[in-house]
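Asks: Going down the list, the sequences are from chains U and G. Note that the working numbering has the first sequence beginning at 1, numbered continuously upward. Note that the working numbering has the second sequence beginning at 1, numbered continuously upward.
Don't read these hints as lab results, they were simulated from the structure. One should not assume that every hint holds.
Computed Cβ-Cβ distance ranges for the label pairs, DEER-style [said to hold, decoys possible]:
no., chain 1, residue 1, chain 2, residue 2, range
1, U, G133, G, E100, 20 to 30 Å
2, U, L11, G, Q28, 34 to 44 Å
3, U, P209, G, Q92, 31 to 41 Å
4, G, R46, U, I132, 29 to 39 Å
5, U, M188, G, L130, 52 to 62 Å
6, U, E208, G, E100, 28 to 38 Å
7, U, V50, G, L40, 23 to 33 Å
8, U, G133, G, L130, 49 to 59 Å
9, U, W205, G, L130, 21 to 31 Å
10, G, Q92, U, A34, 46 to 56 Å
11, U, W240, G, K144, 35 to 45 Å
12, U, G55, G, R37, 30 to 40 Å
13, U, G60, G, R37, 32 to 42 Å
14, U, V252, G, K144, 36 to 46 Å
Keep in mind it's a predicted model, so treat the numbers as computed, not measured. Cβ coordinates follow ideal geometry from the N, Cα and C atoms, glycine included.
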Amino acid sequence: MAVHPQVALLLQATLYELKKVTAWRMGFFVREIARALLRPLLTIFMFQAVFAAQGATELGGRDLDGTVRYLIAVAWIEGLIFHDRMLDLAEQIFQGYVTKYLVMPMRCFTLALARYVQFSITQTGVAALLGIGGALLLPGVWPLPVAPEALLAALVLALAGSYCFLLLYFLLNSIAFWLEVVWTLLVMTRFVTMFLAGVMLPLSWMPEPLARALEYGFPYWSIAGPAEILLGERPVSDVWTGLAVIGVSITVLEPLRRVVWKRGLARYGGSGM
Amino acid sequence: MTSRAEHSGKAPVGQPVLRCQGLQKVFQTHRRDPGMRGLLRSFVARETIEVPALRGIDLSIEAGEFVGLIGANGAGKTTLVKVLTGIVPATQGRSELFGEPSFELSDAAKSRLSIVMGQRSQLWWDLAPLDSFLLLREIYRVEKSDFDLRLEQLARRLAVTEQLRIPLRHLSLGQRMRMEILGAFLHRPQLVFLDEPTIGLDLVSREEIRTILSEINREQGATIVLSSHDMEDIENTCRRLLILSEGRLLYDGDLVKLRERLFEKRAIELHLEPHAAEPDPAVLAELCGADVQLLRSSAGALSFAVPAARVQPFLAQVFARLAVRDLAIERTPLDVLVRELFQREGEG
């Protein structure tokens with residue numbers, strides 16, 4: 001059966017991206033593996049310190065072990081979320097490297113999509129290794145999924161949410177056609193979205209109305225929501241609510257991304273060529 | 001070679017593949033005055049200025065042509081290529097490639113197009129060129145069997161078969177440029193823009209690349225537009241020449257005719273003996289005569305533009321009248337050529 005040309009291109013571009021990230025072995029280890037290890041480990045020490053400083057036995061409805069388990073789950077899932085540094089589109093626009101793609105019979109977004117697929121494949125593999133290693137080395141601390149369905153639901157939500165982040169970062173990178181502050185915007189966006197996703201602090205520590213409001217955003221359903229399903233704090237059936245929120249977000253972000261890209265192209269000066 | 005997209009085979013010779021009329025491009029930029037006052041002024045009320053890069057270009061290029069595009073830095077060469085290929089939109093005027101507006105090219109039209117930018121690599125630095133070519137194969141939808149055959153032929157012709165699986169960063173500049181050219185011709189484009197493809201290359205590599213481009217143009221009928229500062233690139237490959245100056249098309253015509261008019265001059269640079277007296281103006285006037293032009297005169301050095309046929313008697317005259325320590329003979333430099341064209345246009 002013949003593969004659709006766009007799918008064939010996506011597969012080849014994904015392979016190309018995989019080769020790129022593995023071209024430097026040490027870089028691959030530091031970027032893809034060490035980064036995934038660091039956050040869960042730091043979380044354990046940081047929240048032990050928070051609880052010790054507060055002299056508390058429970059914060060936001062979770063004891064220390066529960067909080068650490070939740071935050072490790074969050075850090076574990078966050079590893080699957082498309083990162084702002086994965087796209088160098090703004091730099092390509094500034095430096096003029098994007099020019100070569102503009103004369104090719106393809107959509108530039110296909111290459112970004114390939115990077116998303118490559119990232120998802122790599123990080124799912126890393127997360128699987130981390131999960132097995134964590135469960136073996138840190139029994140009792142490492143968050144174990146309550147059921148295989150919960151693990152699957154968390155994975156689906158995280159990967160779908162990750163796609164929303166790809167769209168968001170692509171959109172922000174496209175602003176490079178107008179402004180030179182894309183890097184600052186990306187850092188600000190990352191900071192805000194990670195706060196909204198419950199990565200910095202458990203959402204249960206926040207005021208009830210705010211925590212409820214955040215449940216209508218895709219950041220929550222990309223990271224905190226899947227973590228709660230994984231740990232059994234939410235029923236697996238909530239995956240549908242999460243997918244609906246993510247679906248609405250994609251419906252908004254996708255046309256916005258296209259419009260900004262198209263308008264940006266009309267302003268492009270092809271510098272550096 | 002055939003491909004899944006509708007871009008195989010030659011374009012019908014004699015039909016225009018590229019056409020533009022009244023093409024103008026104006027870039028906007030901001031003027032910033034120096035000093036603290038300028039800083040504050042530009043921060044509060046920035047002054048926007050318009051820089052015209054193209055000022056009404058009319059052009060038509062037919063299938064199978066090999067066209068040279070020259071001009072001094074800032075003349076508008078790269079902007080013209082960018083507008084023609086749809087990388088940037090024109091401010092005014094019309095530009096078409098394969099009968100489609102340049103800025104709204106369909107994928108089918110893009111499949112027939114290729115660009116090589118001498119200063120911007122198309123290939124990925126950390127990967128072997130073959131990986132980049134495989135991606136290009138999918139982008140241009142080239143059948144595997146055709147791709148393999150084409151790759152083998154081009155790699156052999158460009159003498160880079162052994163380097164296909166070596167990361168690009170480990171290749172020499174010449175090998176990298178050959179890979180760029182290989183990538184540009186893999187999908188058998190009908191129109192290829194090459195921007196400074198020989199920049200930084202040694203003499204042998206430059207000569208080889210010129211030969212290959214000429215062969216591809218001749219054998220496959222690919223239309224080639226070559227932009228270069230190297231006059232030898234142009235002279236050895238192109239039949240038609242476009243000269244741009246300050247965004248205007250100063251010359252569009254046969255290279256051979258232009259060579260007859262202008263290239264038959266030589267730039268002769270003389271270095272005089274260090275302690276010799278300054279040349280007498282009367283002697284210089286006598287050397288110049290009707291068809292020899294004094295281009296530059298500085299301490300101990302003189303530069304003349306001399307018709308090629310008159311080089312020998314001119315030098316005999318020079319040695320008889322001046323204390324020459326060293327000399328260099330070159331073809332007329334581009335800037336002299338453009339200046340002379342300007343003068344002729346002004347006179348005409």
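Asks: Tell me, which hint numbers fail for this structure?
Replies: Of the numbered hints given earlier, those the structure breaks are 1, 3, 4, 5, 6, 7, 8, 9, 12 and 13, listed in rising order.
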